[in-house]
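Asker: Protein sequences, first through last, are from chains Z and H.
Numbering of the first sequence is given in the working numbering, commencing with residue 1 and proceeding in unit increments.
Numbering of the second sequence is given in the working numbering, commencing with residue 1001 and proceeding in unit increments.
Rather than coming from a laboratory, the hints here were simulated on the basis of the structure.
In this text the structure is predicted, and so the values were computed from the model without any measurement.
Some hints could be false.
[As the list claims (entries may be wrong)] Here are the simulated lysine-lysine pairs, DSSO-like style, with alpha carbons at most 27 Å apart:
(1) Z:97 to H:1456
(2) Z:97 to H:1351
(3) Z:97 to H:1370
(4) Z:97 to H:1380
(5) Z:157 to H:1547
(6) H:1571 to Z:153
(7) H:1065 to Z:154
(8) Z:57 to H:1266
(9) H:1376 to Z:153
(10) H:1235 to H:1065
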Amino acid sequence: MFEVKINDEKKEILNFKIDLINKRHQSGSLIGLLQSAQDSYGYIPEKVIEYISELVKIPAADIYGVITFYSQFRLKPLGKNIIRICEGTACHVNGAKTVLQVLQDELGITVGETSEDDNFTLLSVACLGCCSLAPVMMVNDETFGNLTTDKIKKTLKNFRSKHITEAVHEKN
Amino acid sequence: MKKIKVGLGTCGISAGGELVFNRFKDELLKQNIDAELSETGCNGMCYEEALVEIEDDHKSYLYSKVTVDRVGKIINEHILNNNPVSDWIIKSENISKEADFLKNQTRIVLRNCGEINPTSIDEYIAKNGYDAIQQVLNKSTREEVIENIIKSGLRGRGGGGFSTGMKWKFAYNSNSEKKYVICNADEGDPGAFMDRSVLEGDPHSVLEGMMIAAYAIGASEGYIYARAEYPLAIKRLKIALGQCYKKGFLGKNIFGSRFSLDIKIKEGAGAFVCGEETALMASIEGKRGVPRLRPPFPAVSGLWGKPTNINNVETFANVPWIILNGWEKYAALGTEKSKGTKVFALAGKIKKSGLVEVPMGMTINEIIFKVGGGIKGDKKFKAVQMGGPSGGCIPASMGDLKIDYDEITRTGAIMGSGGLIVLDETTCMVDLAKYFLNFTQNESCGKCTFCRLGTKRMLEILERITDGKGKESDIGILEDLSTKIKSASLCGLGQTAPNPVLTTLKYFREEYEAHIYDKKCPAHSCPSLITYSISEEYCKGCGVCIKSCPTGAITGKKKEVHLLDNGLCIKCGKCFDACNLDAVIKN
Ligand SMILES: Cc1cc2nc3c(=O)[nH]c(=O)nc-3n(C[C@H](O)[C@H](O)[C@H](O)COP(=O)(O)O)c2cc1C
Ligand code: FES
Chain Z
1 MFEVKINDEK
11 KEILNFKIDL
21 INKRHQSGSL
31 IGLLQSAQDS
41 YGYIPEKVIE
51 YISELVKIPA
61 ADIYGVITFY
71 SQFRLKPLGK
81 NIIRICEGTA
91 CHVNGAKTVL
101 QVLQDELGIT
111 VGETSEDDNF
121 TLLSVACLGC
131 CSLAPVMMVN
141 DETFGNLTTD
151 KIKKTLKNFR
161 SKHITEAVHE
171 KN
Chain H
1001 MKKIKVGLGT
1011 CGISAGGELV
1021 FNRFKDELLK
1031 QNIDAELSET
1041 GCNGMCYEEA
1051 LVEIEDDHKS
1061 YLYSKVTVDR
1071 VGKIINEHIL
1081 NNNPVSDWII
1091 KSENISKEAD
1101 FLKNQTRIVL
1111 RNCGEINPTS
1121 IDEYIAKNGY
1131 DAIQQVLNKS
1141 TREEVIENII
1151 KSGLRGRGGG
1161 GFSTGMKWKF
1171 AYNSNSEKKY
1181 VICNADEGDP
1191 GAFMDRSVLE
1201 GDPHSVLEGM
1211 MIAAYAIGAS
1221 EGYIYARAEY
1231 PLAIKRLKIA
1241 LGQCYKKGFL
1251 GKNIFGSRFS
1261 LDIKIKEGAG
1271 AFVCGEETAL
1281 MASIEGKRGV
1291 PRLRPPFPAV
1301 SGLWGKPTNI
1311 NNVETFANVP
1321 WIILNGWEKY
1331 AALGTEKSKG
1341 TKVFALAGKI
1351 KKSGLVEVPM
1361 GMTINEIIFK
1371 VGGGIKGDKK
1381 FKAVQMGGPS
1391 GGCIPASMGD
1401 LKIDYDEITR
1411 TGAIMGSGGL
1421 IVLDETTCMV
1431 DLAKYFLNFT
1441 QNESCGKCTF
1451 CRLGTKRMLE
1461 ILERITDGKG
1471 KESDIGILED
1481 LSTKIKSASL
1491 CGLGQTAPNP
1501 VLTTLKYFRE
1511 EYEAHIYDKK
1521 CPAHSCPSLI
1531 TYSISEEYCK
1541 GCGVCIKSCP
1551 TGAITGKKKE
1561 VHLLDNGLCI
1571 KCGKCFDACN
1581 LDAVIKN
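Construct the complete structure from the given sequences, taking the supplied hints into account.
Answerer: What follows is the structure in structure tokens.
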């Protein structure tokens, strides 16, 4: 009935979540649903919005309103590696601006953008919660603290070469 | 048998704690050593991570700054040959390198953090965990519990500082079949990490506090609204919840009583305003997290229109301790109107950045110099920022101020949730105010015009001032906008957003004036208002700065004094950081 192209496994994840919905409070599950959709796809595709809209009986426009309200949700896919730079107070007074400058110079993108080779997406967060290591950034799930220009360049280099080795592997 | 505990809070992990843990695991396995390896939360000494504690015959040895390379030696000498590596130990029977940091603290909320394994309910139980809820269920009426909490003097640790017991009483008085209890774990204040550490280090204490609150007000359902940026805290909470259900501590007829409670976790999705209680409830209901007018207060009409009690993580973590030790003991700590202890996240330009819990009434200077070890690089202490975007800056000259809710409010700042950012002479106060306005302007939900547009206008003025384009009238406009935003905003976000500007104007007005009239930044921090040059005296012509400069503004031959062309300089400061001879001068 839907022409949504969602593969079965992912549909299952969504359906599973639906089972958990407390019948009286159907709308209460919307954010959780969006989160699980984003976990599966890395972002929230338009088709998924339509699909969820049918399931929870909330107009797609309202869902779009919820998505754009919360900074966690993305409507565009991300790069291979996600860099989150901390813009918290402790990092700010310990030179987060320089860190951001170096990252932007190195990657040629600003916050919210993805590099042309799809290798890096640069995002900012309010505080990573390890203020004692300020200034801090996170690459994927790894935290890098006490950053200096050199340390940032080295870290990026490591991730770039990882990317190349992976690409070579894929070719082989 | 020896027990090895590795600190695996977010701070410990980012300092390499997980690698250390795995190395211990591998080595123990490989060498077939009989020792117990376990993880624990953050003990507050984030500046010493990765921390490893070795327990042996009731003696304890705390190793700091442990790296993978050090594991081998610790195992060989300490674990296998009973010969502790004293150079790396900061705390043991005979060594107490960090005595000042620990001695001046009183640990109630953090009683188990860094002590027990947060993923083991049995370790929590061994520390009298879940005794308080059983005592309450067996021996106390709901009214008695509320009375005890009122008398303890506990005030909400989420920022507002409202009497917790009174709040429970309101919810208790509301008649309804269905009531809710909510734990606010949204911790949005950038630079604060108290709640995260408690959830990561001792999740059961928060759950137990919620159970007691739910019993007292008559709630049968609970929610924990946790920040999505705290994956580890959420993971440990989920584990703790699972254990509670398995043991029958949650669900139907808890501990054989007639009291039943279910608790669920809701993950936030990244919006600061969702920390505000009415916005938080809208978010749990799956809507945009926009605050609404109070009254009605949540105690009367909260989640899905039902009476709801909402408290902060730290507030709940205090509750079991108060029940077990008696309200008198809690009320004996602190000042006349602020009882008990407060956890602070010390960060910024401080030597010992981490988590501390001190009795209310300790002075700012005591916290910074006695507990926190003073200012990084022994620079000059300038001010401390309290309360995050809703708070303000308290100048060093007021360092003898006793920390309690009312004293702090009198300065124009607020206690807030406990972020304490220390600032030194190199921090520009106008820039800091701009930083916070940028934050609130971004996070304003947009509902109130003054909050939405007023913060934006204020930000533009501050940007202009730090860019060296400030006008004489700017300070007056800032003050005018501040009063209007404060009075015409519906929720705490707008009502407090001007505080960072107002407090810096109050205590550091001359800095604003220097930016506007002299086009100078006294802290040498605002790029538009500084120039760089190279000292003929100190420059040895090493070429490091030439390499660091992205625009080719520096020239010069090897071993000759270099020259900086101000026309090409973009003031990024890279040469200043690169030079080891202090030959690059900022003016
Ligand atoms: C903009 C804004 C953000 C807030 N953020 C938080 C927060 O992150 N954590 C919190 O516990 N309380 C926060 N609060 C306070 C809550 O509205 C509420 O007062 C608190 O959760 C009540 O718990 P308590 O009485 O235990 O402090 C915030 C308030 C406002 C206005
Ligand atoms: S301010 Fe950057 S980690 Fe907290």
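Asker: Look at each hint and say if it fits the structure.
Answerer: We went through each hint and held it up to the structure:
For the suggested pair residue 97 (chain Z) and residue 1456 (chain H), the alpha carbons sit about 21 Å apart, so the restraint of at most 27 Å is met. A distance of roughly 21 Å separates the Cα atoms of residue 97 (chain Z) and residue 1351 (chain H); the hinted pair therefore holds under the 27 Å criterion. Distance restraint check for residue 97 (chain Z) and residue 1370 (chain H): the Cα-Cα separation of roughly 31 Å exceeds the 27 Å cut-off, and the hinted pair is therefore not satisfied. Between residue 97 (chain Z) and residue 1380 (chain H) the CA atoms are separated by roughly 22 Å; this keeps the pair inside 27 Å, and the hint holds.
For a cut-off of 27 Å, the pair hint linking residue 157 (chain Z) to residue 1547 (chain H) stands: about 18 Å separates their Cα positions. Taken as a hint, the residue 1571 (chain H) and residue 153 (chain Z) pair is honoured in the structure, with Cα atoms around 20 Å apart against an allowance of 27 Å. A hinted pair counts as satisfied when its Cα atoms are at most 27 Å apart, and residue 1065 (chain H) with residue 154 (chain Z) qualifies at roughly 22 Å. As the CA atoms of residue 57 (chain Z) and residue 1266 (chain H) are separated by approximately 21 Å, the hinted pair is consistent with the 27 Å bound.
Distance hint between residue 1376 (chain H) and residue 153 (chain Z) is fulfilled; the C-alpha atoms sit about 25 Å from each other, no more than 27 Å. Note on residue 1235 (chain H) and residue 1065 (chain H): the hinted pairing holds, with a Cα-Cα distance of about 26 Å set against a maximum of 27 Å.
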